[in-house]
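Can you build the whole structure from these sequences, using the hints too?
Residue numbers (my numbering), protein chains in the order written: chain A, 369 to 724; chain B, 11 to 283.
Be aware that one or more of the hints could be misleading.
Dumping the calculated SDA-like pairs for lysine to any residue here, alpha-carbon to alpha-carbon at most 20 Å [as the list claims (entries may be wrong)]:
(1) A:K503 / B:P203
(2) A:K593 / A:L398
(3) A:K503 / B:V182
(4) A:K503 / B:R199
(5) A:K502 / B:R199
Which bits of chain B does chain A cover? Going by a derived footprint, with three or more residues having C-beta under 8 Å, they are [to be verified]:
(6) 171 to 182
(7) 196 to 206
In short, the hints are calculated from the structure, not lab data. This one's a predicted model, so the numbers in the text were calculated from it and none came from an experiment. Think of the CB as a built atom: it goes at the ideal place given N, C-alpha and C, for glycine as much as any other residue.
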Amino acid sequence: MTTKSRSAEIGAQGIGKSFGRFRALDGISLTIGQGEFLTLLGPSGSGKTTFLMVLAGFEAPTDGRLTLDGQDVTAMPAEERAFGMVFQGYALFPHMTVEENIAFPLRVQRRSAADIRRRVDEIVEMMGLADHGKKRPSGLSGGQQQRVALARALVYEPPVLLLDEPFSALDKNLRGQMQDEVRRLHRETGTTFVFVTHDQSEALALSNRVAIFDHGKLQQLASPKTVYERPTNRFVAEFLGEINILPLSNVRRNGSAILGDFEGQALHADAGGTLSETLAIRPEYMALHLARPAEGNAIAAQLRDLTYLGAETQLALVTAGGVGINLSLPTAALPQGVATGQEVWAAWPEERAFFL
Amino acid sequence: MSRRARALMLLAPLLLFLGLAYIVPFLGVIRWSVTLPQPGLGQYRAALTDPLVQSVFLRTLRVCVAVTAASVLAGYVIALLWVRGGPVQKLLVELCILIPFWISVLTRAFGWLALLSNRGIINDWLQWAGILHEPLAMVRNEFGVIVGMTHFLIPFAVFPLASSMRNLDERVLMAARGMGASRARIFWRVLVPMTLPGILGAALVVFVFALGFFVTPAILGGGRSVMAAELIYLRIFQSPDWGLGAAISVIMMVAVGGMLALLLRQARPGGGR
Numbered sequence: 369m370t371t372k373s374r375s376a377e378i379g380a381q382g383i384g385k386s387f388g389r390f391r392a393l394d395g396i397s398l399t400i401g402q403g404e405f406l407t408l409l410g411p412s413g414s415g416k417t418t419f420l421m422v423l424a425g426f427e428a429p430t431d432g433r434l435t436l437d438g439q440d441v442t443a444m445p446a447e448e449r450a451f452g453m454v455f456q457g458y459a460l461f462p463h464m465t466v467e468e469n470i471a472f473p474l475r476v477q478r479r480s481a482a483d484i485r486r487r488v489d490e491i492v493e494m495m496g497l498a499d500h501g502k503k504r505p506s507g508l509s510g511g512q513q514q515r516v517a518l519a520r521a522l523v524y525e526p527p528v529l530l531l532d533e534p535f536s537a538l539d540k541n542l543r544g545q546m547q548d549e550v551r552r553l554h555r556e557t558g559t560t561f562v563f564v565t566h567d568q569s570e571a572l573a574l575s576n577r578v579a580i581f582d583h584g585k586l587q588q589l590a591s592p593k594t595v596y597e598r599p600t601n602r603f604v605a606e607f608l609g610e611i612n613i614l615p616l617s618n619v620r621r622n623g624s625a626i627l628g629d630f631e632g633q634a635l636h637a638d639a640g641g642t643l644s645e646t647l648a649i650r651p652e653y654m655a656l657h658l659a660r661p662a663e664g665n666a667i668a669a670q671l672r673d674l675t676y677l678g679a680e681t682q683l684a685l686v687t688a689g690g691v692g693i694n695l696s697l698p699t700a701a702l703p704q705g706v707a708t709g710q711e712v713w714a715a716w717p718e719e720r721a722f723f724l
Numbered sequence: 011m012s013r014r015a016r017a018l019m020l021l022a023p024l025l026l027f028l029g030l031a032y033i034v035p036f037l038g039v040i041r042w043s044v045t046l047p048q049p050g051l052g053q054y055r056a057a058l059t060d061p062l063v064q065s066v067f068l069r070t071l072r073v074c075v076a077v078t079a080a081s082v083l084a085g086y087v088i089a090l091l092w093v094r095g096g097p098v099q100k101l102l103v104e105l106c107i108l109i110p111f112w113i114s115v116l117t118r119a120f121g122w123l124a125l126l127s128n129r130g131i132i133n134d135w136l137q138w139a140g141i142l143h144e145p146l147a148m149v150r151n152e153f154g155v156i157v158g159m160t161h162f163l164i165p166f167a168v169f170p171l172a173s174s175m176r177n178l179d180e181r182v183l184m185a186a187r188g189m190g191a192s193r194a195r196i197f198w199r200v201l202v203p204m205t206l207p208g209i210l211g212a213a214l215v216v217f218v219f220a221l222g223f224f225v226t227p228a229i230l231g232g233g234r235s236v237m238a239a240e241l242i243y244l245r246i247f248q249s250p251d252w253g254l255g256a257a258i259s260v261i262m263m264v265a266v267g268g269m270l271a272l273l274l275r276q277a278r279p280g281g282g283r
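So, in structure tokens, the structure goes:
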């Protein structure tokens with residue numbers, strides 16, 4: 369679309385939702401900025417989809433307030449909010465052609481026939497569906513159905529687009545293509561996008577900010593870089609990828625440095641964040657050495673297992689105290705002659721370790 | 011033994027029973043229709059030209075169309091309540107559909123007679139209330155027949171309709187709502203077209219059943235609104251006109267067979283959708 373859509377800011381204050389005694393959402397407060405791309409990420413049953421349904425108006429929250437550009441919309445039904453929505457499984461009308469599907473929201477708004485024709489033609493062209501306009505959804509591939517669902521949700525320029533795990537049924541290649549497409553649509557329309565997924569790499573790749581849900585609670589809301597590199601708790605850290613956890617004792621400040629003991633040696637940690645007895649390091653920031661390196665943190669361990677993955681090699685180490693450590697190295701950076709059973713050193717720059 | 015042969019052997023008792031109890035007698039009926047009282051197609055000519063038989067066929071068609079329309083309409087509303095209603099509505103629908111379903115057709119026809127006849131409950135009440143001075147004729151005519159048959163056939167419409175509504179993806183209706191569509195638009199533009207195979211299936215089932223109805227029209231029609239099945243009975247048991255009765259039977263059978271073929275095509279996966 370050549371014209372920028374009106375986009376809206378959504379505010380949630382203390383949103384809670386109970387189903388009987390089950391608390392699906394608890395005290396969710398956040399603001400989704402105008403034109404932002406926010407991802408709701410979490411395992412199944414974490415409340416992310418319930419929160420999306422509350423935003424759409426399909427579920428009424430048990431507590432809390434919802435605002436749209438500052439106006440209270442908590443009690444407004446879904447059909448009045450008329451946010452664009454892309455459902456898991458697409459939810460296309462099976463008895464209508466592609467063009468009729470896309471024209472449906474415009475017909476609801478009683479636009480003129482000429483206006484409907486123009487907009488449908490424009491978006492059909494833009495989504496690369498020009499050859500399929502007269503087909504029924506059952507005659508289309510998964511990727512094409514996905515495009516129709518996106519076109520139908522965007523054609524009437526809604527202030528907000530909600531996407532509920534839209535790519536879960538697509539294979540990996542198609543998924544990548546559709547992610548690029550969604551990013552492009554977000555750029556071109558300027559609409560506020562809220563995207564639900566359980567796939568952490570999808571969330572990191574797509575969004576301005578990621579909201580991580582677990583057990584109905586918002587665990588962290590920050591940029592992809594921050595949630596990955598500075599997770600606020602162990603759930604977030606582990607959900608977003610592999611992480612090595614080292615139990616420390618006697619954590620102390622020594623001037624500007626922070627020190628903690630691990631298996632009889634002092635490790636340095638980054639000064640940011642609150643102190644705790646758990647040090648965390650992402651595996652890709654660790655390097656493997658055959659002898660103790662001159663600087664940085666390093667711990668001795670035995671190489672137990674080595675998995676060759678082509679460009680990357682994964683290594684499993686165990687320290688003398690029995691703590692497991694995983695490393696992920698570019699195969700090219702693997703030291704010559706390394707073999708399982710060998711005593712090695714895992715080292716990392718101080719600023720890459722943080723307290724959890 | 012091949013799977014096919016084994017399947018055939020398991021089916022054999024049923025096929026044998028159907029053959030002996032149904033196909034052989036029906037072949038006999040076909041023979042009567044072309045041999046009694048003398049060989050030839052005279053009885054078919056008579057069945058298709060006799061004004062009395064024609065009027066019975068026309069009435070049968072008219073009643074069946076009305077019953078089908080009424081049953082499918084009522085069945086759609088009931089199925090919708092059953093599939094999409096709350097727990098109380100669901101229970102109520104189940105009770106109202108299943109309890110009459112277990113009661114014999116004879117009992118139900120007499121029940122309607124008690125309700126609708128000139129000295130029945132409704133007429134008594136309307137006259138007592140001063141709304142009517144003369145009783146309203148609601149039985150011994152087509153109206154009574156249509157009411158009784160519709161009541162009997164509604165469950166047969168509800169089941170295929172409910173199943174087509176259950177197979178519907180809930181999210182499609184949510185999507186329509188999310189785009190701002192009103193309830194009326196969702197109903198007419200989404201729900202009805204998507205359940206069209208169920209509607210056609212229900213209509214065919216009801217229509218085919220209705221064509222062969224005997225007890226309900228005989229009781230509620232009171233001998234004045236004779237339908238095809240009753241005419242056959244009269245030709246064979248009251249007047250010794252077996253040839254004509256048999257010819258009418260064969261014509262009905264062909265009509266029902268044609269419609270069943272349509273129904274099977276409709277029911278085949280992908281046939282209706």
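Against the structure, the hints:
no., hint, verdict
1, A:K503 / B:P203, "holds, 17 Å"
2, A:K593 / A:L398, "holds, 19 Å"
3, A:K503 / B:V182, "holds, 18 Å"
4, A:K503 / B:R199, "holds, 18 Å"
5, A:K502 / B:R199, "holds, 18 Å"
6, 171 to 182, "holds (count 3)"
7, 196 to 206, "holds (count 5)"
No hint from the list above goes unmet by this structure.
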